[in-house]
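2 protein chains.
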Amino acid sequence: MRIGVDIMGGDFWPEAPVSGAILAQQQMPEGVKLVLIGDEQIILSEFERQGADPKGFEILHTDEYVGMEESPTKALVQKPASTINVGIGLVKQKELDGFVSAGNTGAMLVSSILGLGKIDGVNRPTIGVIFPTITGSYSLLCDVGANLDSKPETLYHFGILASTYMKHVLKVPNPRVSLLNIGEEANKGPHVVQAAYELMAASPLINFIGNAEGRDIYAGKADVYVCDGFTGNVVLKFSESLYEVMNSRFAGDEFIETFNFERYGGVPILGINGISIIGHGISTGKAFAKMVQTAVEAVQSEVVEHFTSAFKSIHE
Amino acid sequence: MRIGVDIMGGDFWPEAPVSGAILAQQQMPEGVKLVLIGDEQIILSEFERQGADPKGFEILHTDEYVGMEESPTKALVQKPASTINVGIGLVKQKELDGFVSAGNTGAMLVSSILGLGKIDGVNRPTIGVIFPTITGSYSLLCDVGANLDSKPETLYHFGILASTYMKHVLKVPNPRVSLLNIGEEANKGPHVVQAAYELMAASPLINFIGNAEGRDIYAGKADVYVCDGFTGNVVLKFSESLYEVMNSRFAGDEFIETFNFERYGGVPILGINGISIIGHGISTGKAFAKMVQTAVEAVQSEVVEHFTSAFKSIHE
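Line order of the protein sequences matches chains R and X. First residue of the first sequence: 11, per the working numbering; consecutive thereafter. First residue of the second sequence: 11, per the working numbering; consecutive thereafter.
Don't take each hint at face value.
No copy labels: a pair is met if it fits in one copy or bridges any two.
Stated by the list, open to error - Result set (BS3-like, lysine-lysine): computed pairs, CA atoms no more than 25 angstroms apart in a straight line:
#, residue 1, residue 2
1, 198, 84
2, 198, 89
3, 231, 84
4, 102, 84
5, 247, 231
6, 84, 43
7, 161, 247
8, 104, 322
9, 43, 104
10, 128, 104
11, 161, 198
12, 104, 89
13, 247, 65
By construction, these hints were calculated from the structure, which means they are not laboratory data.
Could you put the whole structure together from the sequences, leaning on the hints where they help?
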């Protein structure tokens with residue numbers, strides 16, 4: 011298995027992705043090769059600076075990269091040799107099994123979706139985030155920003171994708187899927203959410219347990235929370251900032267630390283033909299290592315094949 | 011000044027509203043009379059049970075009340091003498107200056123908006139909630155559930171209402187108004203939010219500082235955060251549950267306690283011709299006392315008159 015790592019993405023490159031790759035390699039199962047994508051001289055200097063040995067890694071040189079503030083669509087056209095385009099291109103050609111980057115989120119989304127293509131039958135690919143719960147389990151909230159105005163069918167598809175991910179990658183048996191809403195009853199909330207409720211309740215593909223409210227997320231009522239990307243994005247960023255606030259007061263507390271999103275390191279874009287993981291700009295080495303680990307687990311679980319067969323069965 | 015208190019609303023009546031009224035009376039400025047609305051026998055027994063003296067309170071007897079799970083519109087018609095209808099009716103007749111209830115939220119909203127009427131020019135009245143910030147200041151997030159699909163003009167009106175409230179009731183000079191979105195730039199987010207951005211940026215009535223993200227709420231970037239009621243409701247309930255989680259681990263910690271929504275006791279429905287405050291069902295005596303205090307401050311500040319003149323100036 012070969013996993014590509016974008017060395018020229020995120021707020022702290024090359025330090026964070028290089029240290030993440032080093033950390034990941036120490037923890038990797040046999041037979042996983044990490045391919046570092048970026049400027050070879052910069053990469054080698056960074057290994058030297060960190061007192062580490064680049065042997066065992068493959069380095070794929072390119073000196074073009076997408077800045078964090080650049081327009082994603084322009085970058086796609088004007089920087090064909092950017093680390094992101096190179097990484098996604100290699101996933102498409104099956105020369106990489108997965109690719110991780112903490113670079114420009116929009117560029118990663120556009121490049122991944124256009125480059126790898128949607129899985130047949132999927133309305134819109136989605137990005138999600140792992141939330142801890144007070145029961146010690148994990149849940150997946152999606153969408154968190156890829157799709158702002160989500161139609162009922164799109165929300166339903168998020169449910170199938172997230173449920174499939176939880177089942178096969180995080181090994182949650184029969185994941186409980188819920189719809190984030192402002193009340194528990196089926197007739198609560200905006201029309202679009204009510205219509206999504208009907209689709210999800212009627213589906214044999216997911217274990218739909220009904221609506222969930224904001225208060226249910228940390229309580230662990232469900233394994234999957236589905237919402238539009240606007241709501242999900244606001245909740246995610248709000249939650250991240252709360253962790254920072256709590257951490258400023260109770261630094262190092264193990265309980266508070268479970269709310270640290272860095273621990274969970276990103277979820278692949280769900281619904282495309284390949285494994286592509288977008289990390290936070292602020293990702294540290296630890297977060298990069300976790301992203302690599304997630305990519306390995308996603309490949310091992312053959313989650314893309316599971317997505318494909320789930321959506322095939324919808325349209326049969 | 012006379013403030014009505016619904017004694018037959020909330021999850022813990024009559025205990026919580028009665029103890030709240032007792033607490034409030036001890037803290038009230040001269041000349042404020044509390045009018046307790048509910049079953050007189052039950053109220054008097056509860057005073058006795060709490061070892062308190064009902065003298066100094068006015069009791070307005072009615073034995074009809076709206077259950078927490080009842081349909082608001084049905085209750086409005088079928089229970090004309092419910093505590094909520096009686097309280098709002100007295101505000102309308104200027105026999106009360108304000109009314110507070112922790113009862114059925116929908117019934118309070120419907121009864122308040124229909125009974126007191128929208129202020130001329132206001133698209134949709136709104137309910138908001140006070141959020142603490144790490145800087146020690148308070149901000150107002152609205153809407154938190156009264157309006158699910160909000161149009162650009164509606165969001166703009168929320169901004170005017172919330173800004174006016176912060177300025178006159180909470181005495182924040184020139185409140186910074188922001189629009190909750192998924193990015194800082196004007197062209198981010200759903201079309202409806204982009205259009206609201208334009209309206210708000212062009213308005214002389216508010217000090218619009220642009221978009222805010224979920225992470226900015228606790229950071230105290232703005233004094234007002236405007237969003238649709240779906241997003242606001244999810245964020246509010248999520249935040250409340252986080253307080254509970256943190257409180258279960260760090261019970262009694264003063265820092266954690268600042269995140270306790272009970273402290274802030276509710277904000278009046280903004281945009282109607284009168285002061286009507288909806289509390290949480292779970293309100294304790296302390297929360298009731300805080301609601302009463304908020305009602306008094308809202309009346310003293312003549313905030314309804316300030317709303318009215320703001321919306322008059324829009325349409326001139």
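Do the hints match the structure? See the list:
Within a single copy, residue 198 and residue 84 get their C-alpha atoms only as close as 41 angstroms, which misses the 25 angstroms cut-off; across copies the closest is 17 angstroms, which meets it. Taking the closest pair of Cα atoms, residue 198 and residue 89 come within 25 angstroms of each other only across two copies (23 angstroms); inside a single copy the shortest separation is 47 angstroms, beyond that limit. For the identical chains of this complex, residue 231 and residue 84 are neighbours neither inside a copy (42 angstroms) nor across copies (31 angstroms), given an alpha-carbon limit of 25 angstroms. Within a single copy, residue 102 and residue 84 get their C-alpha atoms as close as 21 angstroms, which meets the 25 angstroms cut-off; across copies the closest is 59 angstroms, which misses it.
For the homomeric pair residue 247 and residue 231, the shortest alpha-carbon distances inside one copy (21 angstroms) and between copies (14 angstroms) are both at most 25 angstroms. For the homomeric pair residue 84 and residue 43, neither the shortest alpha-carbon distance inside one copy (31 angstroms) nor that between copies (66 angstroms) is at most 25 angstroms. Proximity of residue 161 and residue 247 under a CA criterion of 25 angstroms is satisfied in both settings, with 23 angstroms inside one chain copy and 24 angstroms between copies. For the homomeric pair residue 104 and residue 322, the shortest alpha-carbon distance inside one copy (22 angstroms) is at most 25 angstroms, but the shortest distance between copies (65 angstroms) is not.
With identical chains, the CA atoms of residue 43 and residue 104 are at most 25 angstroms apart within one copy only, with a shortest distance of 14 angstroms there and 77 angstroms across copies. Only within a single protomer do residue 128 and residue 104 lie at most 25 angstroms apart by alpha-carbon distance; the minimum there is 16 angstroms, versus 62 angstroms between protomers. With identical chains, the CA atoms of residue 161 and residue 198 are at most 25 angstroms apart both within one copy (16 angstroms) and between copies (19 angstroms). For the identical chains of this complex, residue 104 and residue 89 are intra-copy neighbours only, at 21 angstroms inside a copy versus 68 angstroms across copies, given an alpha-carbon limit of 25 angstroms.
Taking the shortest Cα distances, residue 247 and residue 65 never come within 25 angstroms of each other, neither inside one copy (38 angstroms) nor across copies (50 angstroms).
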